[in-house]
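> The primary structure of each chain is shown beneath.
Protein chains: 2
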Amino acid sequence: MAKENKAFVKEITPQSEDFSRWYLDVIQKADLMDYSPVRGCIVFKPDAYEMWEACQRELDKEFKRTGHRNAYFPLFIPESFFQKEKEHVEGFNPELPWVTEAGGDKLEERLAIRPTSETMIGHMYAQWIQSYRDLPLLLNQWANVVRWEKRTLPFLRTSEFLWQEGHTAHASEEEARQETMQMLDIYTKFVEEFLAVPVIRGQKTPSEKFAGAVDTYSIEAMMKDGKALQAGTSHFLGQNFAKGFDIQYLDKDNQLKYVYTTSWGISTRLLGALIMVHGDDRGLVLPPKVAPTQVVIIPIGPQKARAAVVEAADSLFAQLRDAGIRVRMDARDDVSPGWKFNEYEMRGIPVRLEIGPRDLENRQVVLVRRDTGEKTFVPLDELNTALPKLLDDIQVNMFETAKKFREEHSYVANTLDELVGYINDQRGFVLAGWCGSAECEKAVKDACSATSRNIPFEAPAQPAHCVNCQQPAKHAVWFAKSY
Amino acid sequence: MAKENKAFVKEITPQSEDFSRWYLDVIQKADLMDYSPVRGCIVFKPDAYEMWEACQRELDKEFKRTGHRNAYFPLFIPESFFQKEKEHVEGFNPELPWVTEAGGDKLEERLAIRPTSETMIGHMYAQWIQSYRDLPLLLNQWANVVRWEKRTLPFLRTSEFLWQEGHTAHASEEEARQETMQMLDIYTKFVEEFLAVPVIRGQKTPSEKFAGAVDTYSIEAMMKDGKALQAGTSHFLGQNFAKGFDIQYLDKDNQLKYVYTTSWGISTRLLGALIMVHGDDRGLVLPPKVAPTQVVIIPIGPQKARAAVVEAADSLFAQLRDAGIRVRMDARDDVSPGWKFNEYEMRGIPVRLEIGPRDLENRQVVLVRRDTGEKTFVPLDELNTALPKLLDDIQVNMFETAKKFREEHSYVANTLDELVGYINDQRGFVLAGWCGSAECEKAVKDACSATSRNIPFEAPAQPAHCVNCQQPAKHAVWFAKSY
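Each protein sequence line maps, in turn, to chains X and U.
For the first sequence, the UniProt record's numbering begins at 1 and goes up steadily by one.
For the second sequence, the UniProt record's numbering begins at 1 and goes up steadily by one.
Hints listed in this document are in silico derivations from the structure and should not be mistaken for laboratory results.
Any given hint could be a false lead.
As the list makes no split between identical chains, a pair holds if one copy fits it or if it spans any two.
[As the list claims (entries may be wrong)] With a straight-line Cα cutoff of 27 angstroms, these simulated DSS-like cross-link-like pairs (lysine-lysine) come out: (1) K106 with K84; (2) K150 with K445; (3) K29 with K64; (4) K64 with K289; (5) K474 with K375; (6) K252 with K189; (7) K289 with K61; (8) K86 with K150; (9) K84 with K243; (10) K481 with K257; (11) K340 with K389; (12) K64 with K340; (13) K252 with K29; (14) K252 with K340; (15) K404 with K389; (16) K403 with K227; (17) K403 with K86; (18) K474 with K243.
Go ahead and model the full structure; you've got the sequences and the hints to work with.
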């Protein structure tokens, strides 16, 4: 048994040795994905896909609660559509895959595979929106999109990925801006409470905003290697796409006016965030709300007592399942309990429930938390209240732990040298003053590959001078290396 | 008011005048779809997409109940993959769109957009399946697929469509055949009970089976113009893909063996079936189980009584919503009740609930069924039991009505002349004896464009001779024109 464990654990590279290697090891060992024969495209295996389904259910509920409806728009976008919004085409053109032949014929106009659907949806909205009565128009789409990236990384940056993209049209700028912020709020709550990933909310600098947006807002999370991951974005598009696609409505005053649009999205890269924020050297650590399996039951003890233990475990399984807990049982007797402990720790299952002959006698079970390793004995007749409470505790503790980690890896820099030192030596997020010029932003990037993450709504400090040029700072900006 | 109604109804072509026109009118008027700028691709608008979501929820539950899990495989399939199963490439090659450039470069190998995923999934299964312990492998995928069809028709045959494709691998032929039939059973129950569409279950003839399958089973539904629509298929693929993609496992006897695979799918064409089976000259008629809105509340009566009526309607709305009924209220006062009646009849909402001042006095409401037009007065305090019962009655009645229609348009032919007469003059399904030769099947098609739909598991008659060659019949076959 000791040998099995050791052999097994050896297969995951420790985070401190090589975080990237750790990540690639753990997503394969935990059976979340596999590489496909197509460059940069992965297979989402059931455990990963079910986490995505859980995200979908949770977010979809919020989208519908706030008046949005789902629709589905075509995968293909005619080449000419990309010409209609200048910044948009520049931003996305380098990443597009093109269909040039179909059904045996060469196409007259090339079709892009959608990298995002502002253009197609803008084209349709122009036909659907005629009058102020048609506004606001609040649609969302769950879909696959493709961006032919140079460097890819499973979940975080894949050629094809799954996402949702909301697209709304409004009569007034104020209403569109409210929508933009409402969706950022929904993303914040979802990522923090459902995925237990703390985020920094703020506005992107002009050089980092979405191609075609007036303003882009983001939520940024810190991974365990100190790098940032943009976990969701919400864009105020102003009238850029309305003008590009001629989306006009007849207002109450009988004037034709352009609408204001927004778009907002989160994607399967959140699965990567989950893994990199919570995982440890033993594997995944999954927050209970998103975990495909919340509790795994493992019967233990000698062969002669096995029948009675397995019977009790079976009945516990049914009891917990009926209580709405996502439970799994592993009563295999051709692998040892120790091997199973490692296996389910590696898969990140939040709670392990052990039951053996002595527990039976004492009418209790053992609960082991994945996040802290803490072990508690719980009387059988208290299980149905103790377990949901434990799952809640784990969810909260994981969020708090991640938040503490982020705080411990956040710095304030007054000079470029300081900033570079923090980025290279300490790893993490560095808050710095910024004069607002693209040159100073670029100077930071050139010095240490850190980019501006966002201008936070709530900064822990307000540096007086720009970290690069030392002119008065307009904003406090978070800088970090990022995925 | 009369004028509004008339003007409105005029816009839908009567079914008897031109069924195809009726269909195209109704799907646009009822706001289910719009044409997109890409050939053969439609936009699924919210009412249609929500029906698809309802189908997904219902089927997904059944898939999971029977041990399947969801996963997601890449959209792109390398060209070489299609060469590995000979029949498969011949069947699908003519319909493939090809990506030849991406990220600014010409690709070394062209990538097809998936028309179905047997090849990609076969490739992955070959890596995942090593031992008998890995079997059965039971996965399903919800995805978009593309087939570049020559003739397209919204929902029924679009270049891009949404579907699910199940793919399973088994150790034995028997188990794979059981799986094939289990899924056909699940489809049958779903289409008949959830969509209220009666189907004929049977096996496809060799010329109509899936490209690469050993045996294909289908469920076939009759549209109101007498044409058939294949509503779902389940394929026993034998070892064809296992051999093409080298999916072998080490059995208990230490021998390497090829697995047996199945695949099965239903798609958004079911939405077209729904519409064509139940719709009438006033528009859609939706079965309550799949209807995005089950009940629409319309307050009526003179302006002076309006406030009290709307208040009562509001409270009914909350009451029904809390009872789990999908309810909508239309209290607009800038359109007439008559206009609303037509509008929601056209959209196929199963029940209209009217409430006016006199109803308030009598503590009752009026319920009007969309399927029969029947009107009943229901006391307010019985509504929460009466309404679910009425919705159930409508669901059952719609199924029975469709079944009766199909029976009234089903014929038995002994000669080719008879068969052609039924197809051309009566429209509908014709059961005929068949010797089993592809020539005789083709003779029927050449004579009247009817194709074999399937060899039913339960035929209402067993003709003794082949309808074409008059040799002894091997099978009774349903022939029909089809979508």
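> Next step is simple, just say for each hint if it's right about the structure.
To see whether the hints hold, each was checked on the structure:
1. Taking identical chains as interchangeable, the C-alpha atoms of K106 and K84 lie at most 27 angstroms apart whether they share a chain (24 angstroms) or sit on different chains (25 angstroms).
2. Only within a single protomer do K150 and K445 lie at most 27 angstroms apart by alpha-carbon distance; the minimum there is 19 angstroms, versus 52 angstroms between protomers.
3. In the homo-oligomer, the alpha carbons of K29 and K64 lie at most 27 angstroms apart only across protomers (24 angstroms), although the nearest pairing inside one protomer, at 36 angstroms, exceeds that limit.
4. Proximity of K64 and K289 under a CA criterion of 27 angstroms is satisfied in both settings, with 20 angstroms inside one chain copy and 20 angstroms between copies.
5. Taking the closest pair of Cα atoms, K474 and K375 never come within 27 angstroms of each other, the shortest separation being 51 angstroms inside a single copy and 69 angstroms across copies.
6. For a Cα distance limit of 27 angstroms, the shortest separation of K252 from K189 qualifies neither inside one copy, at 36 angstroms, nor across copies, at 51 angstroms.
7. For the homomeric pair K289 and K61, the shortest alpha-carbon distances inside one copy (15 angstroms) and between copies (20 angstroms) are both at most 27 angstroms.
8. Within a single copy, K86 and K150 get their C-alpha atoms as close as 23 angstroms, which meets the 27 angstroms cut-off; across copies the closest is 34 angstroms, which misses it.
9. Only within a single protomer do K84 and K243 lie at most 27 angstroms apart by alpha-carbon distance; the minimum there is 9 angstroms, versus 49 angstroms between protomers.
10. Taking identical chains as interchangeable, the C-alpha atoms of K481 and K257 are never at most 27 angstroms apart, the minima being 42 angstroms within one chain and 50 angstroms between chains.
11. In this homomeric assembly, K340 and K389 come within 27 angstroms of each other (Cα to Cα) only inside a single copy, at 24 angstroms, whereas the closest approach across copies is 50 angstroms.
12. Within a single copy, K64 and K340 get their C-alpha atoms only as close as 41 angstroms, which misses the 27 angstroms cut-off; across copies the closest is 24 angstroms, which meets it.
13. Proximity of K252 to K29 under the C-alpha cut-off of 27 angstroms is restricted to the inter-copy arrangement: shortest distance 25 angstroms between copies versus 60 angstroms within a copy.
14. For a Cα distance limit of 27 angstroms, the shortest separation of K252 from K340 across copies, 23 angstroms, qualifies, whereas the shortest one inside one copy, 67 angstroms, does not.
15. In this assembly of identical chains, the alpha carbons of K404 and K389 lie at most 27 angstroms apart only when taken from the same copy (22 angstroms versus 55 angstroms across copies).
16. In the homo-oligomer, the alpha carbons of K403 and K227 lie at most 27 angstroms apart inside one protomer (14 angstroms), although the nearest pairing across protomers, at 62 angstroms, exceeds that limit.
17. In this assembly of identical chains, the alpha carbons of K403 and K86 never lie at most 27 angstroms apart, being 39 angstroms within a copy and 56 angstroms across copies at closest.
18. Taking the closest pair of Cα atoms, K474 and K243 never come within 27 angstroms of each other, the shortest separation being 31 angstroms inside a single copy and 66 angstroms across copies.
Checked against the numbered hints above, the structure breaks hints 5, 6, 10, 17, 18 and satisfies the rest.
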